[in-house]
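Participant: From first to last, the protein sequence lines stand for chains A and B. Position 446 of the first sequence, counted from 1, bears residue number 1894 in the working numbering, the numbering being contiguous throughout. Position 278 of the second sequence, counted from 1, bears residue number 280 in the working numbering, the numbering being contiguous throughout.
Keep in mind that the hints are not guaranteed to be accurate.
[To be verified] With a straight-line cut-off of 30 Å between C-alpha atoms, the simulated DSS-like cross-links for lysine-lysine are:
(1) B:K77 x A:K1648
(2) A:K1516 x B:K322
(3) B:K348 x A:K1516
(4) A:K1878 x B:K74
(5) B:K169 x B:K130
(6) B:K380 x B:K348
(7) B:K390 x A:K1516
(8) B:K357 x B:K298
(9) B:K77 x A:K1948
(10) B:K154 x B:K322
(11) B:K191 x B:K285
No lab work stands behind these hints: they were computed from the structure.
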Amino acid sequence: MNTATHTLDPHAGHAHHPTGLMRWLTTTNHKDIGTMYLTFSLLMFFLGGAMILAVRAELFQPGLQLMKPEFFNQLIGVHALVMIFAALMPAATGFANWMIPLMIGAPDMALPRLNNWGFWLLPPAALLLTMPFILALFGIGDGAVATGWTLYAPLSVQGGIGVDFAIFSIHILGISSIMGSINIIATLLNMRAPGMTLMKMPLFCWGWLVTAVLLIITLPVLAGGVTMLLTDRHFGTHFFDAAGGGDPILFQHLFWFFGHPEVYILLLPVWGLMPHVLSTFTRKPIYGHTAQVYGFIAIGVLGLIVWAHHFMTAGLPVPALLYFMYSTMAISLPLAVLFFCWIATMWRGAMSFETPMLFAIGFIVLFGIAGLTGLVLADVAADAQYHHSYFVVAHFHYALFAGGIMGVMTGVYYWLPKWTGHMYSERLGKLHFWLTVVSFNFTFMPQFFLGLAGMPRRIPDYALQFTEFNAISTVGAFVLGLSQLLFAWNIWRCVKGGDKATDQVWEGTSGLEWELSSPPPYHSWDTQPVIKSSN
Amino acid sequence: MTRLNPRPHGRFFAGLSLLLAAGAARADYTWNFPTPVTPIARDTLNIHNEFMVIITVLFVVVFSIMVYSMVKHRKSSGVEPATFTGPTGAFQWFWVLVPFGILLFIDFVLMGIPAFHAVIEMEDTRTKADMVLKVTGLQWKWQYEYPDSGIKFISTMSTPREQIEGKEAKGENYLLEVDNEVVLPVGKKVRVLLTSTDVIHTWWVPQFGVKRDAIPGFLRETWVRIEEPGVYRGQCAELCGKDHGFMPVVVRAVPEAEYAAWVDKKKTEMAAAAAGSDRAWTKDELMAAGKAGYEKNCAACHQAEGQGIPPAFPALAGSKIVTGPLLSPEGKLIPDSHVDRVLNGKTGTAMQAFKATLSDADLAAIITYERNAFGNNKGDMIQPAQIKALR
């Protein structure tokens, strides 16, 4: 992939490392590890996408045409787990690995061996998650976890071996994420260039710092929850069984104490990235740097105390409903700070619309829809209609596809020339953007109306009044899925060759990462840069 | 009424042509909640409509500003980029803080106050409740109980498998039809108590504006006061296993007199069923009733020919448990025997304790049928009276 053979760096001659497979297995270089994270993420993105296209094909028409409901249930749950844990989170970690040392003037991550281990835990975890599909082909077990990604007890207590595989997979993924977070926190707190105070730290790094803290706070709770599930399943405990004094809702509390911050874990790195991209393509400094830092922190803190809005129909007491409703609504305020700063950064700039800028604008608009529908979802009475329906499915795909994945694509197009030293094809990039945005809306906008009309989520077959919107959604999903091949093709072409990128790459950029060559030398910032106090 | 549309389908490109004809939207397109028929549903619809207006205005205003900027502040039109990085001076601070003041007002006054009242009303299940309906979720059907009149029955989806598999044209109420509808009187406040015997289910009727989880081992509650007679259809809304998509809720709301007549009729039916457990049945009777009962209650998992879907749902054909001894020589229950499994279920699996939901006659018939069908040919039988003694 990325080999920095030619460089101006005087230390480049020392970039000796094993070649071939051993290079990637043993590497402790943040750029190599970042590349592996990103490659893994892209592969998993296509795997998770293929799963959901099978689901959408089944939902094209009423009736069961392609698969049994059992298999349908496996696909939807594993799709979510793959997309969240194996596609989005590794993509953000790949960005962190590649960019944080470059941005803060550090020679590498603080804990390079841990970094290597953090990555190499991912492939076995993904294998564990998907292996039950393959085992079932040989007559072992009844397939992958079929409970949806939420693993609600007692359904998950009742489930087959797929649940056990998912539990262990989540344990391993969790360990990997916690190691990555420790590494990022250690790097950001200890290895910034002299003169770079915390408040001067780039916003991408700030977004990641809050994400890493959230991961360390919440992942152990998820790990504990799924471990309790494991002991309920096999060792006779009754944490989630009323017959033994337990409570099924306890699992929902534990799961969503992790699950809600997880949304911000996925989004904060992207929110951190946006101001850099907007500033670059408006040729104007970031508006409200400090305000955005406090916005990130406020969202992180609020994100930890609103979890029960994910199960408001479970019969919570009235005071709890009111508390979770109003605290959830309060998140709109720091989020509005971010939107305000993004638009204020664009205001009176000199804009040009290269692919990263297009994705950033697409992100802001579509993520705006996610935020606004999230605001109405917070209302308990209306939530009783939206909850468990396709309205929610549409809402979180606006948050996690238009927010998360399109945010990642913004970053990939933005940094790809820096990573590879080549410009990607702007023509293909723009085509990819327009196809993605249009087909995304064709896929998910109808789902809002399906939810309002009363279609529950996670059903393999539906009543006849839902036919038209489902058909439109399926067609949209296939165009959306196939368009992503353009993305992969564009990346591949860019890695292989293309116009030479300058060190600065984009006309309007500023920051340490753009002072290095494109691609940066294998070992960068051997001599720490110094940040002038004036800036 | 639910808005359902019988339409010919099955052609693969139907959806594609629809996509092209999307402009000429069909009359049955639903863009909002279905017509509300309870006070809660009406409140919810009003709140939802108000909120949609608010967020649409927010969306349009915010992104108009952005689009204006994208048009005006382009490099290609030769503008010099500004260099400000935050508000400077009192005037700019004012313009920065105004949107947040507006948002605060929208969140906690414009949206927050109606939302507060709606929650309080929705959760007030007890004030002036006229009657109670107890709903129990089971994989994959609903049991309804009327504590006032002692009525109790199971409601299962009645859409034939052939329609689902595309071998027959789909009916008007495809997937949203049941064998036994819940009947409720119009204009009465019905307190709905919910629980489950296995996993979490969610009872949802969109036109009632009510959705509440049924949680095993706990009681949850909600309420409805249906204002219009009619048939209202909904579905289970919480993923509850393989047939989650096939456990509809159908409520028939009728005027009070009609409701009273229905209660009397149901009571007579139940008395007849109870009498069934006291008389001796012939084997042919049991086999016939057992086949019907099996297909309704057991075939979803164990399949029509008893072949099951191993390993989750074991086969009954040739099963060691089914072909084992019926009862102990003293006529007592043998632990983990066929009768024990059917009556008491198996914890940690989808096999439920059917003695909670089926009559003595149904249980005796199903057990007898399972022991003599699918090539099991045990030749023995069990009487409803024996089941009654084992309870």
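Participant: All the hints need checking, so say for each whether the structure fits it.
Facilitator: Against the structure, the hints come out as follows:
no.	hint	result
1	B:K77 x A:K1648	holds, 28 Å
2	A:K1516 x B:K322	holds, 27 Å
3	B:K348 x A:K1516	holds, 24 Å
4	A:K1878 x B:K74	holds, 21 Å
5	B:K169 x B:K130	violated, 49 Å
6	B:K380 x B:K348	holds, 23 Å
7	B:K390 x A:K1516	violated, 38 Å
8	B:K357 x B:K298	holds, 15 Å
9	B:K77 x A:K1948	holds, 23 Å
10	B:K154 x B:K322	violated, 33 Å
11	B:K191 x B:K285	violated, 46 Å
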